[in-house]
Amino acid sequence: MSERLWSKAIFVGYEWDLWSQREHMALLKIEGVFAPDGTEFCLGKRCAYVYKVKDNKVTPGGKPNKTRVIWGKITCAHGTIVMVHVKFQRNLPAKVIGLRIRVMMYPSGI
Amino acid sequence: MAGEKAEKPDTKEKKPEAKKVNAGGKAKKGNLKDKTPKKGKPHCSRNPVPLNPGLKRKKMEKVLATVTKPVGGDKNGGTRVVKFHKMPRYYPTEDVPRKLLSHDKKPFSQHVKKLRATITPGTILIILTGRHRGKRVVLLKQLSSGLLLKFVIATSTKIDISSVKIPKHLTDAYFKKKKLHKPRHEEGEIFDTEKEKYEITEQRKVDQKAVDSQILPKIRVVPQLQGYLHSVFSHKWSLPSQIGVLNFLQRS
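So the protein lines, in turn, are chains A and B. If you read the first sequence in my numbering, its first letter stands for residue 1, the second for the next number, and so on. If you read the second sequence in my numbering, its first letter stands for residue 1001, the second for the next number, and so on.
In silico negatives: residues of chain A with every beta carbon more than 10 Å from chain B:
1. D17
2. E23
3. H24
4. P64
5. C76
6. M83
7. F88
8. K95
The calculated DSS-like cross-link candidates involving lysine-lysine, where the alpha carbons are at most 30 Å apart (straight line), are:
9. K57/A <-> K1179/B
10. K73/A <-> K1150/B
11. K1106/B <-> K73/A
12. K1176/B <-> K1114/B
13. K1168/B <-> K1106/B
14. K57/A <-> K1150/B
15. K1165/B <-> K1113/B
Read the hints as simulated data drawn from the structure, not as lab findings. A virtual CB, placed ideally from N, CA and C, is assigned to each residue, including glycine.
Required output: the full structure, derived from the provided sequences and hints.
Right, here's the structure in full:
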């Protein structure tokens, strides 16, 4: 299972209105997406911010380990810059800006 | 209780109409035939309209037939006229208005599950999540629950499995996970109990063999297909934009 089944993405920042940021939505830049076609493919896909922590926690389908996830979903495209809006179940922490987020290939439509 | 009574007249109405010659019968049947509900009266209140507007009120008075039963004891008159159906011990203080018929609202088990056009029996799929992620798999059939459809990519490669017979007992219930129970506490063994381990049942092995024996020859016929199925899918070799273009082309 060493093969990667998710796209690489970077958490660029939060959604902004004119003067302030709204942390409930995140902006993602997905590697390999250069055109609106790519963004359209990604809509609705699940995203995950995966991180490790000192304590063990229960993992569904495996032994308790130190990995934790915040799940999210790509909601819509962001402007014309081919970035993407993502709504996470819990807001992402600000120190993750610039770090890796995984964009899964499911729910799949092909 | 109300529901039961309401349905009886409906079903019995049809019978008397069909058998008009045999109209003689139980007194109850005759009564029901006469008391078909009138639907002409306009509904003035703001309460929701029940299915059969006139039916409920008439139910209590006319439908109950009486029976004469012998009674013991001296000077009691010997018989009593008793209701055929006893009144219920409890009925609600207010008449509960009947629920309106809802249109096309079905529970999940009755939903029609549509498969996308790219997925047909015999297609090679890539499983995206779960224990077997990345593996390439041949689709045999769609189960009634429609499980797994969203967690799979359909490739354009297909095998012809029209002649493959899949055992009929392979349904959702067959594949459902069994809860592994800890064995019950016995005396002296309270701290020694282990959880039941998952064991592959004999039935599974038999079914697996039955299906494999039919499909493997088909796979071997196609050159390089066996190796292809062995290989694991990886995202390194494709970019979302490429898949996006493919998706677009497939749909158009």
